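Student: Protein sequences, first through last, are from chains A and B.
Going by this note's numbering, the first sequence opens with residue 419, and the numbers climb by one from there.
Going by this note's numbering, the second sequence opens with residue 419, and the numbers climb by one from there.
Be a bit skeptical, because a hint or two may be false.
When chains are identical, the list treats them as one kind, so a pair holds in a single copy or across two.
Stated by the list, open to error - Below are the DMTMM-like pairs computed for lysine to aspartate or glutamate, each with C-alpha atoms no more than 25 Å apart in a straight line:
#	residue 1	residue 2
1	K495	D698
2	K731	D610
3	K495	E699
4	K555	D636
5	K752	D494
6	K752	E581
7	K691	D447
8	K752	E483
9	K691	D610
10	K495	D610
11	K691	E737
12	K518	E737
13	K691	D504
14	K518	D487
15	K731	D653
16	K555	D700
17	K731	E719
18	K752	E732
19	K752	D698
20	K691	E581
Worth flagging that the hints you see were computed from the coordinates, not collected in a lab.
None of the values given here were measured: they were computed from a predicted structure.
Number of protein chains: 2
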Amino acid sequence: MFRASGSQDIATARAGTNIAFIKYWGVADPELNLPLSNSISMTLASAVTTTTVRWDTRANMYMDEVTIDGETLFGDKASRVVRHLDYIRELAGGVPFRAKVVSQNNFPMASGIASSASGFAALTVAACAAIGLRVEKDRLSAIARRGSGSARRSIFGGFVEWEQGREDNSSVAHQLYPEEHWNLRDVIVVVDSNSKHVSSQRGHVLAATSPFNVARIDRLFSVLQEVRTAIATCDLDRLGPIIERDALAMHGVMMTSNPSLIYWQPATVEVIKAVRRWRDEDNLRAYFTIDAGPNVHIICEPSTEPEILLRLKELSCVEKVITSGPGPEPELLKHHLIK
Amino acid sequence: MFRASGSQDIATARAGTNIAFIKYWGVADPELNLPLSNSISMTLASAVTTTTVRWDTRANMYMDEVTIDGETLFGDKASRVVRHLDYIRELAGGVPFRAKVVSQNNFPMASGIASSASGFAALTVAACAAIGLRVEKDRLSAIARRGSGSARRSIFGGFVEWEQGREDNSSVAHQLYPEEHWNLRDVIVVVDSNSKHVSSQRGHVLAATSPFNVARIDRLFSVLQEVRTAIATCDLDRLGPIIERDALAMHGVMMTSNPSLIYWQPATVEVIKAVRRWRDEDNLRAYFTIDAGPNVHIICEPSTEPEILLRLKELSCVEKVITSGPGPEPELLKHHLIK
């Protein structure tokens with residue numbers, strides 16, 4: 419597999435992040451990012467990463483150059499991207515080209531909004547296109563997974579399941595339903611846009627040290643089936659309690675791992691208790707989930723969204739709100755010059 | 419077993435509450451309050467309940483009268499105390515006397531400072547003394563347990579272990595070390611003095627619905643041994659990480675029970691993250707634990723306590739701080755008239 423002729427060396431891709439209803443937490447194989455269980459998510463339309471990759475085919479550059487959200491990264495910070503570029507260079511037949519990567523998130527990075535999912539999805543699509551690697555979507559998704567486990571899900575639009583699998587090729591994602599199936603809303607409540615202290619990558623490895631890890635994984639088989647059915651029938655009141663419980667279970671695993679990870683902030687508790695209060699006292703049909711960070715995702719239907727936005731204005735802890743419905747698979751944008 | 423002669427019908431007892439290092443959460447038998455595991459606690463000197471019981475031996479009263487913290491309780495609110503009086507009446511040979519009970523806590527009740535432990539310990543000691551029931555301490559502790567599981571531990575001073583047991587008589591507490599053994603401090607950070615929505619009594623029954631309940635219980639055998647050793651050697655840095663982990667494990671069980679119980683408030687997270695930050699960044703030797711409520715107990719040694727109190731002043735979420743060392747077993751006070 420060598421560079422296809424006609425590649426333009428440069429490509430730009432946009433990918434949506436995703437919100438997991440059943441979480442990916444804990445790795446069976448840290449190198450291959452093989453998970454301990456299936457996971458199910460919704461790819462988001464409005465929380466996206468746009469990434470341009472230009473391969474230096476004239477071999478002028480002696481190292482990769484990575485800029486994310488305006489900041490040029492060096493050393494350790496860049497190494498996760500460079501390692502992914504290494505893998506793509508290897509797939510392209512061991513080409514020696516360095517790359518210039520410019521990436522922009524439209525939401526705060528590394529704070530539990532799965533920036534690595536959209537980031538590595540966009541990077542994979544752009545880097546492969548620019549180097550002329552023509553691969554099936556399944557394969558593309560497997561490549562993305564090497565960079566970040568949940569990036570695998572962001573290679574598909576709509577509602578997506580990632581099958582656990584036992585090795586590189588069987589750990590595959592597939593679309594359950596396209597984005598048109600259900601206009602479910604994710605109201606992302608940003609309460610802290612700082613980066614988290616412990617990356618999810620490290621947390622995945624720690625999961626096995628929690629006494630709760632196996633207990634959570636063991637019961638997911640039936641839980642996953644419930645989620646599939648709830649999505650199939652567009653039944654929010656069936657989906658909601660399950661996703662709240664799995665989010666709390668994942669954070670229970672995190673808190674009891676060794677060392678213990680507490681990703682929550684005071685505001686996290688304020689928002690999740692508010693959501694429960696609105697539901698219990700005012701029948702407001704809204705459910706929460708929380709990724710590996712302090713921010714809260716409120717899942718609801720379009721009819722309830724305005725009321726939720728109104729109520730969130732009354733909570734002083736809220737920094738910013740991003741709303742999104744289900745989004746498409748990554749798109750290759752018109753090639754443009756890197757500024 | 420009938421009324422001993424010479425009983426004065428009235429008695430006042432004071433009992434300290436206790437802070438559990440390894441928690442009692444989940445019942446094997448809700449009627450007998452038989453737990454799913456052993457638990458270990460420290461009885462507190464400064465967070466106490468004082469209770470006076472006067473038995474109406476002239477049979478003028480047609481029902482029990484219960485006043486706690488100045489509020490006279492009726493119906494459901496009083497029923498837990500009345501049920502305990504029923505049990506003591508039965509033990510005293512089925513006497514028909516009603517009782518007047520006046521109880522005062524020196525800390526906020528039902529907010530995760532184990533008011534039911536000190537309350538039922540003081541009630542048991544006062545009610546038995548006033549009715550002339552002379553029983554061994556082991557038996558007294560078994561009687562107290564009927565009212566509240568953790569009251570069993572408050573019948574002993576110092577450091578106490580409650581053996582799980584399989585029936586009423588084998589589920590016994592005993593003192594590990596007296597209060598003089600180690601001047602360990604409990605800095606109780608009250609962030610919310612309101613009563614909790616769901617009582618611990620109900621929560622204990624729900625524990626079994628959590629996927630994490632068995633996983634927590636299963637590993638306690640070795641954890642308990644670690645705690646015994648840490649107390650034996652007065653080793654805070656050995657004790658601390660274990661008690662933090664068990665507190666988080668218990669709250670993990672609570673959050674994932676069905677229905678889910680979130681006892682935390684935003685301030686709970688603020689305080690526990692502060693404790694970890696002080697420890698990690700400034701080597702301040704302090705560890706937290708949390709009972710079934712939002713308030714945080716910071717466990718430390720006397721030399722660190724002033725610095726912790728100083729730092730807590732900077733946290734706006736703190737309503738009140740109570741500090742305590744290990745305390746004695748319940749005391750029978752001089753009898754006095756009920757106002």
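Student: Now look at each hint and say whether the structure bears it out.
Tutor: Structure-based check of each hint:
1. K495 <-> D698: The answer is between: 23 Å across copies meets 25 Å, while 44 Å in one copy does not.
2. K731 <-> D610: Cα proximity of K731 and D610: in one copy and across copies (16 Å, 24 Å).
3. K495 <-> E699: Answer is between; shortest inter-copy Cα gap is 23 Å, intra-copy 46 Å.
4. K555 <-> D636: neither (30 Å within a copy, 44 Å between copies)
5. K752 <-> D494: Answer is neither: 31 Å inside a copy and 70 Å across each miss the 25 Å cutoff.
6. K752 <-> E581: neither (32 Å within a copy, 71 Å between copies)
7. K691 <-> D447: The answer is neither: 36 Å in one copy and 31 Å across copies each exceed 25 Å.
8. K752 <-> E483: within (22 Å within a copy, 81 Å between copies)
9. K691 <-> D610: both (17 Å within a copy, 15 Å between copies)
10. K495 <-> D610: within (21 Å within a copy, 41 Å between copies)
11. K691 <-> E737: Intra 17 Å, inter 20 Å, cutoff 25 Å: intra and inter.
12. K518 <-> E737: Answer is neither: 33 Å inside a copy and 54 Å across each miss the 25 Å cutoff.
13. K691 <-> D504: neither (45 Å within a copy, 39 Å between copies)
14. K518 <-> D487: within (14 Å within a copy, 70 Å between copies)
15. K731 <-> D653: This pair counts as neither: shortest intra-copy Cα distance 27 Å, inter-copy 48 Å.
16. K555 <-> D700: Neither, since 44 Å and 50 Å both go past 25 Å.
17. K731 <-> E719: Answer is within; shortest intra-copy Cα gap is 19 Å, inter-copy 43 Å.
18. K752 <-> E732: neither (42 Å within a copy, 54 Å between copies)
19. K752 <-> D698: neither (48 Å within a copy, 49 Å between copies)
20. K691 <-> E581: neither (32 Å within a copy, 36 Å between copies)
The earlier numbered hints that this structure contradicts are 4, 5, 6, 7, 12, 13, 15, 16, 18, 19, 20.
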